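Turn these sequences into a full structure, and let the hints steer you where they fit.
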Amino acid sequence: AQSVTQLDSQVPVFEEAPVELRCNYSSSVSVYLFWYVQYPNQGLQLLLKYLSGSTLVKGINGFEAEFNKSQTSFHLRKPSVHISDTAEYFCAVSETGANNLFFGTGTRLTVIP
Amino acid sequence: NAGVMQNPRHLVRRRGQEARLRCSPMKGHSHVYWYRQLPEEGLKFMVYLQKENIIDESGMPKERFSAEFPKEGPSILRIQQVVRGDSAAYFCASSLGGGTYEQYFGPGTRLTVT
Chain A
1 AQSVTQLDSQ VPVFEEAPVE LRCNYSSSVS VYLFWYVQYP NQGLQLLLKY LSGSTLVKGI
61 NGFEAEFNKS QTSFHLRKPS VHISDTAEYF CAVSETGANN LFFGTGTRLT VIP
Chain B
1 NAGVMQNPRH LVRRRGQEAR LRCSPMKGHS HVYWYRQLPE EGLKFMVYLQ KENIIDESGM
61 PKERFSAEFP KEGPSILRIQ QVVRGDSAAY FCASSLGGGT YEQYFGPGTR LTVT
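Chains A and B, in that order, are what the protein sequence lines are. For the first sequence, this note's numbering assigns the number 1 to the initial residue and increments by one for each residue that follows. For the second sequence, this note's numbering assigns the number 1 to the initial residue and increments by one for each residue that follows.
Quick caveat, the hints were computed from the structure, so don't treat them as lab data. As the structure is a computational prediction, the values presented were derived from the model and not from experiment. Where hints are given, some of them may not hold.
In the DSS-like style, the derived pairs of lysine-lysine whose C-alpha atoms are separated by at most 30 Å in a straight line are [claimed, not checked]: (1) B/Lys27 <-> B/Lys51; (2) B/Lys44 <-> B/Lys71; (3) A/Lys58 <-> A/Lys69; (4) B/Lys71 <-> B/Lys27; (5) B/Lys44 <-> A/Lys58; (6) B/Lys44 <-> A/Lys69; (7) B/Lys51 <-> B/Lys71; (8) B/Lys27 <-> B/Lys44; (9) B/Lys51 <-> A/Lys49; (10) A/Lys49 <-> A/Lys69; (11) B/Lys62 <-> B/Lys44; (12) B/Lys44 <-> A/Lys49; (13) A/Lys58 <-> B/Lys27; (14) A/Lys49 <-> B/Lys27; (15) B/Lys51 <-> B/Lys62.
Rendered as structure tokens:
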């Protein structure tokens with residue numbers, strides 16, 4: 001069975017500081033990995049995804065993530081955050097051949113002016 | 001190109017009533033997914049449908065919940081005889097295809113059962 005762990009439920013960070021949101025997963029088969037962002041009272045928006053190829057994936061809004069197969073991790077990073085990055089961030093996994101996404105419990109990023 | 005539409009955005013029902021949640025996928029998308037988000041939790045998959053077919057309902061509770069995606073019109077998630085534990089945000093997503101195709105999410109319907 002697959003699972004996704006986002007260890008940090010809340011991450012406060014000062015504006016223009018770097019941030020890393022952690023995501024670990026477990027699965028017995030190959031997976032696809034995703035990061036979504038959810039702004040208040042809105043649906044989820046895809047930030048980036050890893051399907052295959054280069055383990056460093058660049059997404060929208062200056063975010064990037066690195067797939068580490070040996071550590072089963074897919075941490076999300078941004079070198080300098082803005083106030084507008086304040087939101088809930090969800091890591092998600094899909095087993096290859098599966099149709100649904102399996103989500104972590106989310107990390108609430110708060111950017112402090 | 002309009003995104004995924006969901007209505008109503010907020011729905012209040014008393015215990016025992018029925019709730020109907022509607023989802024109109026993006027234009028050209030024939031694959032629809034329903035997810036439920038309980039307070040302080042991530043989204044959990046409920047059901048995956050293509051036009052007129054349920055492909056995967058492994059996340060759907062066995063009783064009171066049903067979903068359809070007719071040839072014409074929106075996808076409907078129906079909850080009969082709602083209970084307080086059904087209070088949650090219900091999100092719909094659509095895609096061009098299954099597998100690796102990106103899922104585009106709607107704004108969600110927040111169901112409150114009183």
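Outcome of the hint check:
Distance check on the hinted pair: lysine 27 of chain B and lysine 51 of chain B sit about 13 Å apart at the alpha-carbon level, within 30 Å; holds. Note on lysine 44 of chain B and lysine 71 of chain B: the hinted pairing holds, with a Cα-Cα distance of about 26 Å set against a maximum of 30 Å. Taking the CA atoms of lysine 58 of chain A and lysine 69 of chain A, the gap is about 17 Å. The hint holds against a cut of 30 Å. For a cut-off of 30 Å, the pair hint linking lysine 71 of chain B to lysine 27 of chain B stands: about 14 Å separates their Cα positions.
Distance hint between lysine 44 of chain B and lysine 58 of chain A is fulfilled; the C-alpha atoms sit about 26 Å from each other, no more than 30 Å. A distance of roughly 24 Å separates the Cα atoms of lysine 44 of chain B and lysine 69 of chain A; the hinted pair therefore holds under the 30 Å criterion. A C-alpha spacing of about 6 Å is found between lysine 51 of chain B and lysine 71 of chain B, which places the hinted pair at or below 30 Å, so the restraint holds. Note on lysine 27 of chain B and lysine 44 of chain B: the hinted pairing holds, with a Cα-Cα distance of about 25 Å set against a maximum of 30 Å.
Distance check on the hinted pair: lysine 51 of chain B and lysine 49 of chain A sit about 26 Å apart at the alpha-carbon level, within 30 Å; holds. Between the alpha carbons of lysine 49 of chain A and lysine 69 of chain A the distance comes to roughly 15 Å, so the proposed pair stays at or under 30 Å and holds. Between lysine 62 of chain B and lysine 44 of chain B, the direct Cα distance comes to roughly 15 Å. Compliance with the 30 Å bound is thereby established for this hinted pair. Among the hinted pairs, lysine 44 of chain B with lysine 49 of chain A is consistent with the structure: their alpha-carbon atoms are about 19 Å apart, no more than 30 Å.
A C-alpha spacing of about 27 Å is found between lysine 58 of chain A and lysine 27 of chain B, which places the hinted pair at or below 30 Å, so the restraint holds. For the proposed pair lysine 49 of chain A and lysine 27 of chain B, the alpha carbon gap of about 23 Å is at most 30 Å, so the pair holds. Restraint check for lysine 51 of chain B and lysine 62 of chain B: the C-alpha separation of about 22 Å stays at or below 30 Å, so the hint holds.
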